[in-house]
Amino acid sequence: MSILIDENTKLLIQGVGKDGSFQALRMLEYGTNIVSAVHPGKEGKKFENKIPYFSSVNEAIKKTNANVGVIFVPAPFAKDAIIEQIDSGLELIVCITEGIPIHDMVQIKAYLINKNTRLLGPNCPGIITPESKTKVGIIPGNIVKPGNIGVVSRSGTLTYEAISQLVQNGFGQSTCVGIGGDPINGTSFVDILKLFEEDKKTKAIVLIGEIGGNKEQEAANFIKTHLSKPVIATIAGHTAPEGKRMGHAGAIVTGESGLASAKNKALSDAGVHVVESPAYIGKKVSEVLT
Amino acid sequence: MSILIDENTKLLIQGVGKDGSFQALRMLEYGTNIVSAVHPGKEGKKFENKIPYFSSVNEAIKKTNANVGVIFVPAPFAKDAIIEQIDSGLELIVCITEGIPIHDMVQIKAYLINKNTRLLGPNCPGIITPESKTKVGIIPGNIVKPGNIGVVSRSGTLTYEAISQLVQNGFGQSTCVGIGGDPINGTSFVDILKLFEEDKKTKAIVLIGEIGGNKEQEAANFIKTHLSKPVIATIAGHTAPEGKRMGHAGAIVTGESGLASAKNKALSDAGVHVVESPAYIGKKVSEVLT
Amino acid sequence: MNLHEYQSKQLLSDYNIPTPNGYVISSLELVKKYIAEFENSAVIKAQVHTGGRGKAGGVKMVTSEIEAYNFAENLLGKNLVTHQTGSKGIKVNQILIEEASKIEREIYLSIIIDNTVSSPVIITSIEGGMDIEDVSKLMPEKIKTTICSPLLGISNYKIRQICKDLEIPENLKNEFSQIVLSLYKLFIKNDCTLIEINPLVITKDEKIIALDAKINIDDDAVFRHPSLKKLEDKSQMSPLEALTNKYDLSYVKLEKGKVGCMVNGAGLAMATMDLTKWAGAEPANFLDIGGSANEEKIIAAFKIIIEDKDVEIILVNLFAGIARADVVATGIVKASKETSSKIPLVVVMRGTNSEEGLSILNNSNLDIISASDLEHAAIILKEKISGGK
Amino acid sequence: MNLHEYQSKQLLSDYNIPTPNGYVISSLELVKKYIAEFENSAVIKAQVHTGGRGKAGGVKMVTSEIEAYNFAENLLGKNLVTHQTGSKGIKVNQILIEEASKIEREIYLSIIIDNTVSSPVIITSIEGGMDIEDVSKLMPEKIKTTICSPLLGISNYKIRQICKDLEIPENLKNEFSQIVLSLYKLFIKNDCTLIEINPLVITKDEKIIALDAKINIDDDAVFRHPSLKKLEDKSQMSPLEALTNKYDLSYVKLEKGKVGCMVNGAGLAMATMDLTKWAGAEPANFLDIGGSANEEKIIAAFKIIIEDKDVEIILVNLFAGIARADVVATGIVKASKETSSKIPLVVVMRGTNSEEGLSILNNSNLDIISASDLEHAAIILKEKISGGK
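Protein chains in written order, with our numbering: chain Y, 5 to 294; chain X, 5 to 294; chain B, 588 to 976; chain L, 588 to 976.
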């Protein structure tokens, strides 16, 4: 088993430019069932001679029964693509795009309320489920292996680091999820923790946080009260100076709760096994699970 | 028992001008538990020396635990009052105000989605529950009596007519509800029919429709599939010419479904006892229930 | 509130939506000047608040000065009779003279509030230029509707779909999309209940132009648009309409009815009409005096009813909620005296202060029969009318 | 993107929010003219992109021509050092000279995007004029927040509550409400992330004026505001900032670090800094080369790192997802050659095309130690740094 995506995932990709087509190839290579592509001006053609292009998400779904969408559309047009996918009723939307204006995300977040759609991201690496060989997004397929650890992270490359550590220590993953580095996003740590708790395959969870905001504290609260499975966590940004934005729009310490130390403490208090660097994730999981 | 309001209703009245204060007195006389009033510039004073005025709905609720709100605010300011009451989390809002711009109602209707608040109206006479002596709105208290008939209507004065007919024929009411004459409103026939179906006290339902729109047809569909209790109905506007607005913004025949005859047919087909005039409502109820 | 075509087009222009070059004129002298400016190729259109102008001879393509002048002369100051105006017609005070366009394609584009989805809806058809009702009967598949989000507005992907539905050529897509966006903005910002552009044309030289335009504004929202309020053309109202308008009364005249109806509440007013009919009589009008009727309003309502010379009897049906029966009664008594009306009244009066109201009426010297309820009123009406025959 | 105070005030004016009469000048000659116009009662303010101007001597109330001139002379063209600028300070190219106001009351008013509620939030305080951080520490109960609906905007009832919270006198309520509405509109229409008016004053003659104003625009949204983009003042950037800005790199310099870091991904970059620290060394910088780094960008990143003369070793940590390791490797080799850099590199390279990347690096003549993972890299760093000591 897995969360969010599996062998039943029929993926629609929207925005098949340079990055989108490169990543679409990687997803196909990995084994993902991409059923349709949406890109203006390419309708009627086929991506890699097999995946039909459509001019609208609604039409693509009607013709191919896609149930998950992934968005590589450039930031200025991403809001429209997300709204189009929400309106189409897709159960899961994964938005990889970075740099979406924050006012656009504010509107999207409000629009999402009461919709039956889950938005993951934006500015996230997506999801990968090794057992069913399904990936939606950009997490490299060659670094994961099937197993029982659920991984959830605010960071892209740091997720790869953690996965790599797990594999080195002999642990495969049930599903790896990047929730994205933007301050306003569709899916939170808590949302994913809930899913991992319910997922029978997942035995332990690796959580990778970073400075800024209070999402790790929310996660800690949830873990304390609702989670039965062990959680191993690390927070990036202990050496970051206050008030400076560390790349991610969300990674800026603006108050007590934004500090790495505050997040470490909240997680430790909730019974989470906190390590000082992702470099030690693998070993800590070993320790906890054996 | 009753629907929507009962002896636990703690009413907040917003807009206590000429009409609002006149009707507040009628509600008090009838027995309604009005706990607070919101009217700009009157905070600190008391209506009729007993009901405290507040400057905001939130404050009024905090101090008086009001759970139902009624709005008499003039049309240009009604949208703001409705939004204020929705934001405050009141479980039921009854808006009496007539002539609210339709674009305002379009926005309110969209904003209501996913809120835990029910809006009744606007442009409606409100609700009255004779058994608990509770009325929210303007239905005259001296024309109703406690009993087992649920009344639901798009029209104000026509509701009174129907009630009067029922009483003349010896039937009291569980609750009488006016859903309002505007084309876009918060609560539909179907919403109220559901409540009457669940209400143990209600033995039969009187439904009063009028020309325009397709709300009576929706009601007919619902009755056919979900309703076990007998329904007696009448439609006003058989003699209305097409394309002319009959007072109510919603009462204009613009297509087949808007015709009184089409509505009569839909209701008859759904097993509803349809009478040609509200003047015969009382007799038909007698006939059906005995 | 209806706008004239030329007013609608001015509003479109304000939102950068192209309309033909043209002039509104109310004097014949200017026809020659403008027909010359348009090189003897123009369209002349009567500016009246009614549909069916074209079929009624209120619109003409003209190709010479003399043709233009003659057509204008036959319109200006005259009454135009269409299928909507009744036999008296409606007065043409202004005509619009516009440069003729070389039409390549005609498109239908409108925005309404659709009550069934509680949202603005854009309606388009590739078959512009004909009545949309006809299109919907003959080829319903050629009408496309786009529901817009009341809170988010119109998303670009929906506009792309509209472009596709309407087969807008690639090089005009940007301009067309901008027109749809602007039209939507106009619709929202001005509390419109209808904007209809039929046809929106693509000309042979690839311009997009709104050839005709119809805009209705929500009467309940005009208060917040003082500049639109100024566009109201009262000359297009009948004296009766002007009076009902002034007193904010809902009144609809019915042909050849003998029973004048004065009722509070729209639903009850309709039911009263229905009952009159079933009593074997013809209702003369729909009249809702509204919730907060004062004496002045009642007097006006009474006068409006007896203005209709077919009226032989008046049925007053009052179930007072917000309205107070005593106020209505006082108004009726005053109006009867002022007009020295001898028309008998059948009165059903219930609800708030109805005892006071009835006693006011009974203490007056009017010809009044009081009925206990609607059914009773119907019986009285039946007697009266058979008696009168 | 930060706006200067005078630019922010211009924007406020565009939205009809009153600001003091004033002039931005970059030459001393104009001081006399304007101080005369303001009758020897003015405020002079350095226009620089930094906080803490006041405490650093960048703002002064002047009451004579000579005082004005002397103060302006000491500012214009000089560097102003505040607690935020570092020891070099920031150059004052422009000063704002404004008419002094007779202040009755000072109010705090700002709008931000609050990520925890995903909505615009209006923050107000009756204690205007002091740092809001200080107010929040000393008297948190005097700070009020109003969450606005992203889809509906700000409702009037919320503005009424703000008026009440701020004890706005009855006769100024309309004007004040209009200011809040306009400010909210400005915030939304211009993709602001912050508007702060501190203080908004009520003058002794009952005028409401924005005495100071700070506006930040979302960098990710500047593309859709060409007129705001023009307001960007590049003279306020250090050469390093200008370079990182040009290549769209996320770079933050840390004081006295010896280990330059080049990483892809913000999270990994932070983790790399953290690891450096735990290995007993000091990171010299945060640098995220981003997802779609091309050669040119890598070369620029390399140059930025070695610009910092404290850097003794460079740690490259790449886990290629969207980025491709071969492109990064090629960039590093080229940059090293161009700059003739002798600084050794510790390289961890994984993910997309990492084999190709490593082979490009190993086939170059650079001083490169390849590490298999982060832990390995930390061990190497530790050795290198102790060895160097």
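Calculated directly from the structure, the hints in this document are not laboratory data. Warning: the hint list may mix true and false statements.
[Claimed, not checked] Pairs of lysine-lysine residues, derived as DSSO-like cross-links and limited to a Cα-Cα distance of at most 27 Å, are as follows:
| # | chain 1 | residue 1 | chain 2 | residue 2 |
| --- | --- | --- | --- | --- |
| 1 | B | K620 | B | K794 |
| 2 | B | K821 | B | K724 |
| 3 | Y | K113 | Y | K137 |
| 4 | Y | K248 | L | K864 |
| 5 | Y | K113 | X | K113 |
| 6 | B | K675 | X | K248 |
| 7 | Y | K248 | L | K843 |
| 8 | B | K816 | L | K772 |
| 9 | B | K801 | X | K248 |
| 10 | Y | K66 | B | K729 |
| 11 | L | K833 | Y | K248 |
| 12 | Y | K67 | B | K821 |
| 13 | Y | K119 | X | K233 |
| 14 | Y | K137 | Y | K228 |
| 15 | L | K772 | X | K113 |
| 16 | X | K149 | X | K233 |
| 17 | Y | K149 | Y | K67 |
| 18 | B | K821 | B | K794 |
| 19 | X | K46 | L | K890 |
| 20 | Y | K46 | B | K801 |
| 21 | Y | K248 | L | K751 |
| 22 | X | K287 | B | K864 |
| 23 | X | K66 | L | K772 |
| 24 | L | K864 | X | K49 |
| 25 | X | K248 | X | K233 |
| 26 | X | K66 | L | K751 |
| 27 | B | K731 | Y | K67 |
| 28 | X | K50 | L | K760 |
| 29 | X | K248 | B | K794 |
| 30 | L | K760 | Y | K269 |
| 31 | Y | K248 | L | K760 |
| 32 | B | K776 | B | K791 |
| 33 | L | K845 | L | K801 |
| 34 | B | K620 | X | K248 |
Hint-by-hint comparison with the structure:
{"no.": "1", "hint": "K620/B to K794/B", "in the structure": "holds, 26 Å"}
{"no.": "2", "hint": "K821/B to K724/B", "in the structure": "violated, 35 Å"}
{"no.": "3", "hint": "K113/Y to K137/Y", "in the structure": "violated, 30 Å"}
{"no.": "4", "hint": "K248/Y to K864/L", "in the structure": "holds, 18 Å"}
{"no.": "5", "hint": "K113/Y to K113/X", "in the structure": "holds, 19 Å"}
{"no.": "6", "hint": "K675/B to K248/X", "in the structure": "holds, 19 Å"}
{"no.": "7", "hint": "K248/Y to K843/L", "in the structure": "holds, 17 Å"}
{"no.": "8", "hint": "K816/B to K772/L", "in the structure": "holds, 26 Å"}
{"no.": "9", "hint": "K801/B to K248/X", "in the structure": "holds, 18 Å"}
{"no.": "10", "hint": "K66/Y to K729/B", "in the structure": "holds, 20 Å"}
{"no.": "11", "hint": "K833/L to K248/Y", "in the structure": "holds, 19 Å"}
{"no.": "12", "hint": "K67/Y to K821/B", "in the structure": "violated, 55 Å"}
{"no.": "13", "hint": "K119/Y to K233/X", "in the structure": "violated, 34 Å"}
{"no.": "14", "hint": "K137/Y to K228/Y", "in the structure": "violated, 32 Å"}
{"no.": "15", "hint": "K772/L to K113/X", "in the structure": "holds, 23 Å"}
{"no.": "16", "hint": "K149/X to K233/X", "in the structure": "holds, 20 Å"}
{"no.": "17", "hint": "K149/Y to K67/Y", "in the structure": "violated, 33 Å"}
{"no.": "18", "hint": "K821/B to K794/B", "in the structure": "violated, 35 Å"}
{"no.": "19", "hint": "K46/X to K890/L", "in the structure": "violated, 69 Å"}
{"no.": "20", "hint": "K46/Y to K801/B", "in the structure": "violated, 37 Å"}
{"no.": "21", "hint": "K248/Y to K751/L", "in the structure": "violated, 36 Å"}
{"no.": "22", "hint": "K287/X to K864/B", "in the structure": "holds, 20 Å"}
{"no.": "23", "hint": "K66/X to K772/L", "in the structure": "violated, 31 Å"}
{"no.": "24", "hint": "K864/L to K49/X", "in the structure": "violated, 65 Å"}
{"no.": "25", "hint": "K248/X to K233/X", "in the structure": "violated, 35 Å"}
{"no.": "26", "hint": "K66/X to K751/L", "in the structure": "holds, 17 Å"}
{"no.": "27", "hint": "K731/B to K67/Y", "in the structure": "holds, 20 Å"}
{"no.": "28", "hint": "K50/X to K760/L", "in the structure": "holds, 24 Å"}
{"no.": "29", "hint": "K248/X to K794/B", "in the structure": "violated, 38 Å"}
{"no.": "30", "hint": "K760/L to K269/Y", "in the structure": "violated, 47 Å"}
{"no.": "31", "hint": "K248/Y to K760/L", "in the structure": "violated, 39 Å"}
{"no.": "32", "hint": "K776/B to K791/B", "in the structure": "violated, 32 Å"}
{"no.": "33", "hint": "K845/L to K801/L", "in the structure": "violated, 36 Å"}
{"no.": "34", "hint": "K620/B to K248/X", "in the structure": "violated, 41 Å"}
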